[in-house]
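*Asks:* Protein chains in written order, with my numbering: chain A, 1 to 285; chain B, 1 to 285; chain C, 1 to 285; chain D, 1 to 285.
These are calculated hints, taken from the structure and not from any lab test. Some hints here could point you the wrong way.
Said to hold, decoys possible - The calculated label-pair distances, taken between Cβ atoms and stated as ranges, are: (1) B:Ile-229 with A:Gly-38: 35 to 41 Å; (2) A:Thr-71 with B:Gln-63: 46 to 52 Å; (3) A:Val-225 with B:Ile-229: 27 to 33 Å; (4) B:Thr-220 with A:Thr-68: 30 to 36 Å; (5) B:Thr-220 with D:Ile-229: 26 to 32 Å; (6) A:Leu-108 with B:Ile-229: 23 to 29 Å; (7) A:Val-225 with C:Gly-38: 39 to 45 Å; (8) C:Leu-30 with D:Ile-229: 52 to 58 Å; (9) C:Ile-62 with B:Gln-63: 55 to 61 Å; (10) C:Gly-38 with A:Phe-119: 49 to 55 Å; (11) B:Ile-105 with A:Gly-38: 32 to 38 Å; (12) B:Ile-229 with D:Thr-220: 28 to 34 Å; (13) D:Phe-169 with C:Asn-155: 35 to 41 Å; (14) A:Pro-34 with B:Phe-119: 51 to 57 Å.
Glycine included, C-beta positions come from ideal geometry on N, C-alpha and C.
Protein chains: 4
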Amino acid sequence: MNSDPPHSDETEPPVDADSFKERLWRLIFLSDTPAARGFDVVLLWLIGFSIVVVMLESVESIQLKHGTTLTLIEWILTAIFTTEYALRIWTCRKKLRYMCSFFGIVDLVSILPTFLEVFLIGSGHFIVIRVLRLLRMFRILKMATHMGSAYVLVNALQASRSKISVFLFGVLSIVCIESTLMYIIENGQEGSGFTSIPQAIYWGIVTITTVGYGDITPVTVLGKVLASIMMLTGFAIIAVPTGIVSAELSREMQAIRPDNRNCPNCGQHGHDPAALYCKMCGQKM
Amino acid sequence: MNSDPPHSDETEPPVDADSFKERLWRLIFLSDTPAARGFDVVLLWLIGFSIVVVMLESVESIQLKHGTTLTLIEWILTAIFTTEYALRIWTCRKKLRYMCSFFGIVDLVSILPTFLEVFLIGSGHFIVIRVLRLLRMFRILKMATHMGSAYVLVNALQASRSKISVFLFGVLSIVCIESTLMYIIENGQEGSGFTSIPQAIYWGIVTITTVGYGDITPVTVLGKVLASIMMLTGFAIIAVPTGIVSAELSREMQAIRPDNRNCPNCGQHGHDPAALYCKMCGQKM
Amino acid sequence: MNSDPPHSDETEPPVDADSFKERLWRLIFLSDTPAARGFDVVLLWLIGFSIVVVMLESVESIQLKHGTTLTLIEWILTAIFTTEYALRIWTCRKKLRYMCSFFGIVDLVSILPTFLEVFLIGSGHFIVIRVLRLLRMFRILKMATHMGSAYVLVNALQASRSKISVFLFGVLSIVCIESTLMYIIENGQEGSGFTSIPQAIYWGIVTITTVGYGDITPVTVLGKVLASIMMLTGFAIIAVPTGIVSAELSREMQAIRPDNRNCPNCGQHGHDPAALYCKMCGQKM
Amino acid sequence: MNSDPPHSDETEPPVDADSFKERLWRLIFLSDTPAARGFDVVLLWLIGFSIVVVMLESVESIQLKHGTTLTLIEWILTAIFTTEYALRIWTCRKKLRYMCSFFGIVDLVSILPTFLEVFLIGSGHFIVIRVLRLLRMFRILKMATHMGSAYVLVNALQASRSKISVFLFGVLSIVCIESTLMYIIENGQEGSGFTSIPQAIYWGIVTITTVGYGDITPVTVLGKVLASIMMLTGFAIIAVPTGIVSAELSREMQAIRPDNRNCPNCGQHGHDPAALYCKMCGQKM
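Just need the whole structure built from these sequences, with the hints factored in.
*Replies:* Structure, rendered in structure tokens:
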């Protein structure tokens, strides 16, 4: 998301600087003035509020009681987000690029369903629209772009990405083979949930990740022995991704802290970044 | 809790030193004499005992059998805690500040319900009082202030607070989006527990934290596939907070081992144990 | 798998170099030309595809609908894998060694069941054959040999193998003793799943690994207390394998960064990157 | 267990060295000759075998089929262990100390039940005896004394003991308070398992350790919200013990590796413990 080309393009101001359009663009797309930051905060609260509304609409009892209120709120929020979308297109220079960018599509998708409902009502597409409305949830990702201190985390995750991929592939291989064995052992037993290999793999993932729903459990003695081995494997294996991220984070944190200065007098290194004098010979640095 | 202003105020002795009131204040609020430490220990055991009594009272079979005994014990404990509360107010100089402090309110709340029961009996408020009585459980936090070796832990947690917040926000975003997708897939299926988005989010949290109650489980094939992806995500993600705390703790422990020397010239601390000169002013140490 | 003698033997080319047989051998067994790498990639996709087919065949509804299509695909895949197996034997110099190696047997086992089905049909061995067909799943391991960046992981796991064994033995001892106590407490209670000690140990493993199916749960008060203690033990214990792997990985990563220099005099490796002289013979490096 | 005084006393040989008794004592209590090591290995296998027999006896179907065989095996094992116990007492100098030591009592308890069964049969104490027989399981701990490479693990656990205690106390406090709130919210609801505070605490421990049986689950909306918060707390908290052990293990491993030698020529430190020459100046060490 950091180097998303459409976004970096948006940071170029429109040609006629200092105009109303330019100030609007600065307000909407940047966060370098108090007003722009205020605009961002208000927008984030509105997004959070709209997500809560979408959630509440899915609860039948609330829908029955407060359905009209929720519809009203939805129309108001849709009006606000439509205005925001229109302003974004108007002020932005590379309009098509914004409209085709990930957040451009999310912005469009989050206002569309309310309008579609009016045109398509009674035509039987009601469920499809309700589903579309839920895509609004993706706006939550917009909030993520406003978290400053996430760099160390993201860096550590990116650095350990290839190792975690290898790890996940290894886990899936183990799950596939052990689940197939479980299917051979358990299939055909009365009350067994191991009706097919995909089902057994679903059980295997539920088990090795230690989620353990209990909707499918082994019923034979041999199945229980194999399941026990699998759980202990998972128990030992769960250490691996943790170890990877932990080691990466330690390195990441150490890489941020110390400086590379050597003492000009005695050559001692490993100084505190804030140190003014060499800790071994007292030479000013 | 460490720098709670009301508490630091209480450490100021009353004006007439060496009087009975001053000695009582020292006994109750401080822990610097054997007698004061003994007072603390006795109080902690009484608190622990009173919590056990509250718990046992909630078990119906015990309440029926030993109800009168428990009521008697409760009255005795209430009498002791009332005396303690009265003495705290009497000896403390800034009485209002203590009464409005967190532990002042906890102390009051833990004695009030027993008295209220007498006045309000038969008036239908019985359940409310029973609930109030449970607030006594918060006294358990008083015990926490007596654990000396918790500093490294608390420091590591505080240092990684912002990173853990970002992490939790990220997890909640993933849960929201994946749960909404699960709701779209599973809703309407027979025997499905995904009746609303909040319900689906509850399922999502149960799954991604690997708790896995099994009260709500996917029933469709697509739902199981998505749930499997979510579990593996959670499996890889669980490594992140561990890595954060682990890396912070490693740093914290290394930071403690170093010496406690302060520079005799500028008072700077946090020197390398092998340092010969102050890193900030060059003074020989 | 790294030092599997049959495989290292296969890397010796047949006597008459540059012949068609030699080029075929190079294509099949090595990965040093673009063509050979392409061959590997195609084979991996075919293996993945055949595994998906095996999985789908186990789903009854799919078997009923698309049974003939799946059988056709299976015959095509079997033909391809048979050709591959024949070419491997023809081009390989030490034929017997390849055929007795792990992957040689896996290759044979994955083509055999389809042929067996023709000869043994109607003879009641049908289920045995279906089971044999599933052994094809082991081909997934062939994919693992193509993951380059798995070395750090595998090294860290191997380095911590003895510690993880000790840890697993300790966990099993705790589980055995606690499960026996649970059996003593819970056995004979109505609705209790603790019908025997092995059953109790199965419960113990499900609990201490935090999988928690819920198919067997304590019903007595004492049993719940003991189970709670066991869970908290497991909660504290889960830290141990993570700590081991994490510490090993940290060391492994630091150990990789250092240099690959060997002493020109004695061949000693594993030097400090800053070392100027060999630590074993004093030779200048 | 390492510095158990009775055991260290046993290492003193009886007065008349080189006699049969002295050689027997050396065979049984020490492990410094091939014969003594062989004795240990045979004993460990017999203990493992006797534990399996105890387990199988608890399975009703096996008890019905092979009951007499198991009784026979049990008598043979009891005879062997009785002989071992008698020899231990005979050869050991400080007999009373051995008999009162932990393993002395375990040894006695593991042979007693078989004899008691003969004397007390038909007197209704049958169940008590069966329970006593299970105490034999504690012999598994004897195996633990033969694991050499467990030192780093045990040291790391001991070093982090106080921190893990503080952590467990903190977790229990949170569980107590949150469980009480859950009891207030959920109690009285139809189908709710939160019938008392101890029950709620059991649920709390099942949840925060991510075991999640699902035998007790929240049914109200507020209860589900609070449970979600608790799970996320547990998810973030699970990192703490891991971080502690991980940091301790890292330190433990680093503490074992390097030596404290300084080069006699240039004073350089941080050498490989196996180094023969200084890595910076080539000086023989």
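*Asks:* Evaluate each hint against the coordinates.
*Replies:* We went through each hint and held it up to the structure:
Look at B:Ile-229 against A:Gly-38: about 38 Å separates their beta carbons, and that is inside 35 to 41 Å. Separation of A:Thr-71 from B:Gln-63 is about 49 Å and conforms to the stated range, judged on CB atoms against 46 to 52 Å. Our hint of 27 to 33 Å for A:Val-225 and B:Ile-229 holds, since their Cβ atoms are close to 29 Å apart. Restraint check, B:Thr-220 to A:Thr-68: a C-beta distance of roughly 33 Å satisfies the suggested window 30 to 36 Å.
In this structure, B:Thr-220 and D:Ile-229 meet the distance hint of 26 to 32 Å, their C-beta atoms being roughly 29 Å apart. Between A:Leu-108 and B:Ile-229 the CB atoms are about 27 Å apart, so this pair conforms to the stated range of 23 to 29 Å. Distance hint check for A:Val-225 and C:Gly-38: the Cβ-Cβ separation is about 43 Å, which falls inside the suggested range of 39 to 45 Å. The hinted range of 52 to 58 Å is satisfied by C:Leu-30 and D:Ile-229, whose Cβ atoms lie roughly 57 Å apart.
Range check, C:Ile-62 to B:Gln-63: Cβ separation about 58 Å, and the 55 to 61 Å hint holds. C:Gly-38 and A:Phe-119 have their C-beta atoms about 52 Å apart, which keeps the hinted 49 to 55 Å range intact. Roughly 37 Å separates the CB atoms of B:Ile-105 and A:Gly-38, a value that falls within the hinted 32 to 38 Å. Checked against the given bound of 28 to 34 Å, the beta carbons of B:Ile-229 and D:Thr-220, roughly 30 Å apart, stay inside it.
A C-beta distance of roughly 38 Å is found between D:Phe-169 and C:Asn-155, which places it inside the suggested range of 35 to 41 Å. Between A:Pro-34 and B:Phe-119 the C-beta distance comes to about 55 Å, which sits within the given range of 51 to 57 Å.
When each numbered hint is compared with the structure, no violation occurs for any of them.
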